[in-house]
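Colleague: If you want the building blocks of each chain, they are given just below.
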Amino acid sequence: MPPSIHPVDLVTALRHKHLTPAIVFLTSRRACDEAMETFDHADLVLPPARQEAIAVALERITVQHPSIAEHPLIPIVKRIGVAAHHAGHLPSWKIAIEELMRQGHLDAVFATTTLAAGVDFPARTVVITQSSIRKSRDFTDLTIGEIQQIAGRAGRRGKDHVGFAIVTPSPYIDLTVLTKGLTGQPEGIDSQFTISYPMVLNLLKAHPHEQIQGILAKSFAQFQLNQRAELLEQKLDALHVQMEPFGPRVCTDWITQWHTFDHARRHRHTRHHTHRSESPEIVARLPFLTPGRVVGLSRGHGIVLRQYRSKGQKNSMLTVLRPDNAVTECPVTSVKEVYDRTYDCAETSTYPWCSTEAFDRLSHQLEDLPPRLPVLPILVSPGTESLPDAIVQSLGDFPCPTCPSRPACQKDFITASRLRQEQQRHTKSIQALRTSLWHRFQERVDVLQKFGYLTTATQLTADGEWARLIRIDHSLLITELIRAEAFAGADPSLLAGILASLAHDDDRPGAFPRISPGLSSLLGQVRKLAESLSPYEDPPLLRADVAALVERWIADPSLTWIGLCRLTTMAEGDIYRLLARTLEFLSQVQALKSTHPGLAESASQAITLIRRGVLEELP
Amino acid sequence: MNTDELEQLLAQQPVALLHRLARGRVHRHFRAGKRRLIELLLQHSIHNRAGLESDLQTLIGERHSRSEAGSSPVHRSPTIAHKKASPRGADPDSTETAVSLSAWLEGLGVPSPQPFVPDPWQSEALSALNETDVVISVPTGSGKTYVAVEAAHRAMEDNRSVIYTSPLKALSNTKYTEFCRIFGPEKVGILTGDRQENGQAPLLIMTTEILRNLLYDAASGEIDIRLDTLGLVILDESQYLADPERGVVWEETIIFCPSQARLLLLSASIGNPQDIADWLTSIRSTACRLVRHSKRTVPLRAGYLHPNGKLTPLFRTLGIPYGHPNQLHPEAKRLFLEYEEETLPAGRPRR
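The listed protein sequences correspond, in order, to chains A and B. Just so you know, we're using our numbering here: the first sequence kicks off at -11 and counts up by one. Just so you know, we're using our numbering here: the second sequence kicks off at 1048 and counts up by one.
Incorrect hints may appear among the rest.
The calculated BS3-like cross-link candidates involving lysine-lysine, where the alpha carbons are at most 27 Å apart (straight line), are [said to hold, decoys possible]:
| id | chain 1 | residue 1 | chain 2 | residue 2 |
| --- | --- | --- | --- | --- |
| 1 | A | 168 | B | 1380 |
| 2 | A | 168 | A | 5 |
| 3 | A | 168 | B | 1357 |
| 4 | B | 1380 | A | 147 |
| 5 | B | 1357 | A | 5 |
| 6 | B | 1216 | A | 123 |
| 7 | B | 1342 | A | 168 |
| 8 | A | 416 | A | 206 |
| 9 | B | 1216 | A | 581 |
| 10 | A | 5 | B | 1380 |
| 11 | A | 123 | A | 147 |
| 12 | B | 1380 | B | 1357 |
| 13 | B | 1342 | A | 5 |
| 14 | A | 399 | A | 223 |
Keep in mind that the hints were calculated from the coordinates and are not lab data.
Kindly generate the complete structure, drawing on both the sequences and the hints.
Modeller: Structural data, given as structure tokens:
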């Protein structure tokens, strides 16, 4: 059995059951294009009358959008009445397909799921072949909302009694995702409120700083945060009720009291065991008794291999290498002298505590030692009598040992302290929920002050006044570039190239034209600046290849659209979107007419140059 | 075909055919002898008689065509005379539990043109809009545009201006064409990132970003659009509020929307429209009204198309069994299991 139904069979089956027109949702643009290829030699041609109707309709659309006239899919559309529709196509092609579909000329359209959220584009039937879509490199399951958006395209009001959503399997489809999606309630939506630099500037331009918190409180984000805070408050109330039996006892704050008492009790207990009495002379020596140190013992010399503490011993212990390769353990007190000589000793964690080579070397060195060695002078600090721990001392001050409620405290402490910790945690998170937006705003304000867009009194500076007009992604980078005069004297093609590399956020690889040296060096500057700004703003991808493409389009006015497409493997629709987004960025720069006339002029030139060919034809 | 006839027919078939028929229907069918196999198949037919019968016919047809091609017709007399009635006594009524394909496909066709009568929810939304802001959350294709057009019409009759926003430039252009046809081109203008036409018209179409920018400019005193006469702001596709990159623009627009203008939020079905309405109530001067329903204007049916071209309903019921995702049609279930068995590499469980 084939892993999924053949597109020709699919269309045949749909026609046979009178389920056309249909939209077939496929996983990728490639799948759509491949599906179209399978119709190259298919013999399910339309009756001549319908072919004629499609040709006439296409003709009419071509008058308005000449760019579709040469489209390679037209023969199949005309002959069989199927088409592909995805983001890789030019908008004019998509408009044409939508129009044909609306007029009922087509039997099937192969589309990606982006169509589901796009234009008004209904059919009698939708065919679903997948349960997941690619979202930034990963495949994620379709949400219920998305599945219902897709299924929602089925059934045209006034043209159909019923709509059909047909599932046909392809490898790795998960049917349960689809059945849940078809029968379920769509998910709730969550606020995606973010505070951007231009938002801060625009808010502060129109409103005094003290009013801003009130404005932020009106956002849906805060509304949802408040909902969560209210949930926590309910939990807090419940905790309050649970805490009631653990109210004030003999002391008001008995939980803390008991906690301190218990801690002190345990503390004293453990100290008792670990208490060591070492004379100040010995203590002063300890830091010098490191592996490789030569020491004098009661008889002969030795080399320290390790220092350790042992539970059964009052003093710190040493492992010492003695003459004749003897390894002995002895307390530090048995060391008579510490000599001013050390040898390299590669330590290991197991016996004999150093590597075998080191061990051999050390034993040789030990034998070669002269009988007299310089003694290491060790300064002994005057014996500071270690004071008995203050808490241990004051244990007698605790009322607890004789308190009448001691058994109750002991019994309830674990529950009560857990409840109180939870209470404190909830209180903190409620506070965080209520103030987080404001804190985020303040963070942005601090950055803007640091860069000099805002005065310390949160007034807009001269730079802030124009910077607030740049209301696009990477606004901080763009305004900083303008302030650094990176675009001074740059011709329109360079400016547009840089803005294109900022505007483009897709990481689809491909082949692109060569980049000019001017643009390349400018892009290097931009990259450096973007990196230095990265603590305050996510750096853009800054793709040089994409920038080069836009540069070429502007620098060479004789370049045709077809010629541009030949320069790269990028899909037509993607090039179009890239240029359209660059236009948007340019028009924001163009708005800086009053403060940066040269730059604005350059931007408006770039805009005129971009708008030709296909870009002029579309509204 | 009643149960007895089916039993007879099954008994006449070679056991190999029965095994093929039982694949995916009967657990461990290869263990059963012919008599037991027939019993099990009959038991199964309680759930999905139609599927079993059609598959049986196909298999018989296949066998005949093969034996004819081999030009050695083999006639096999029924090996077992099956006298015992099947133990469960398959009740003919139980085949009705799952909808049949023919019933599922019924009602296809084009409805006769009917005079347009607004749905109750549409009238409800329009009358509510006289007093307050309105949030509409209805399935795709229910006729939200009608409400938008009618509301715009009423506002313009009152000499108040209307702004209509959509998330996509393409949608804005489509709406511009549509509204020009309805209201006349002199009354409609469009403002997008790179297109500005008839900017002083009473009905302006724009992308939401443009409106947000206008509102910011108005707030800082650089007014270039008559916001004081603004009577209605229509935000289409409001579910974009949850868009990771652009959602914030919808929030800003709603927060800064002038208080004298009514807000009309049009959205596809979402899970928490009440939250949106509550939010609007909390920040706007009047209590917001929520209009929602989940019933589609054109009813939807779900089907399953097997790669071999076989079509069955996806669910037991004719329509979509909302809230019951497990009510799969037994035939669709069987075909899908078969599909999974054949396509998944052996020994690798589904994620």
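Colleague: Does each hint hold? Answer for all of them.
Modeller: Each hint, compared with the structure:
Between residue 168/A and residue 1380/B, the direct Cα distance comes to roughly 14 Å. Compliance with the 27 Å bound is thereby established for this hinted pair. The suggested pairing of residue 168/A with residue 5/A holds, with an alpha-carbon distance near 26 Å, which does not exceed 27 Å. Of the pairs offered as hints, the one joining residue 168/A and residue 1357/B holds, with about 23 Å between alpha carbons and a cut-off of 27 Å not exceeded. A threshold of 27 Å between alpha carbons decides the hint, and for residue 1380/B with residue 147/A the separation of about 31 Å lies outside it, so the pair is violated.
With a CA separation close to 11 Å, the supplied pair residue 1357/B and residue 5/A stays within the 27 Å bound. Our distance criterion of 27 Å between C-alpha atoms is met by residue 1216/B and residue 123/A, whose separation comes to about 22 Å. Our distance criterion of 27 Å between C-alpha atoms is met by residue 1342/B and residue 168/A, whose separation comes to about 17 Å. Restraint check for residue 416/A and residue 206/A: satisfied, since their Cα atoms lie roughly 22 Å apart, inside the 27 Å limit.
At most 27 Å may separate the alpha-carbon atoms for a hinted pair to count; residue 1216/B and residue 581/A meet this at roughly 25 Å. For the suggested pair residue 5/A and residue 1380/B, the alpha carbons sit about 21 Å apart, so the restraint of at most 27 Å is met. The hinted pair formed by residue 123/A and residue 147/A fails the criterion: a straight-line CA distance of about 34 Å is larger than 27 Å. Proximity of residue 1380/B to residue 1357/B is assessed by CA-CA distance (about 13 Å); at most 27 Å being required, the pair is judged to hold.
The hinted pair formed by residue 1342/B and residue 5/A meets the criterion: a straight-line CA distance of about 26 Å does not exceed 27 Å. At most 27 Å may separate the alpha-carbon atoms for a hinted pair to count; residue 399/A and residue 223/A meet this at roughly 24 Å.
In summary, the numbered hints that this structure violates are 4, 11.
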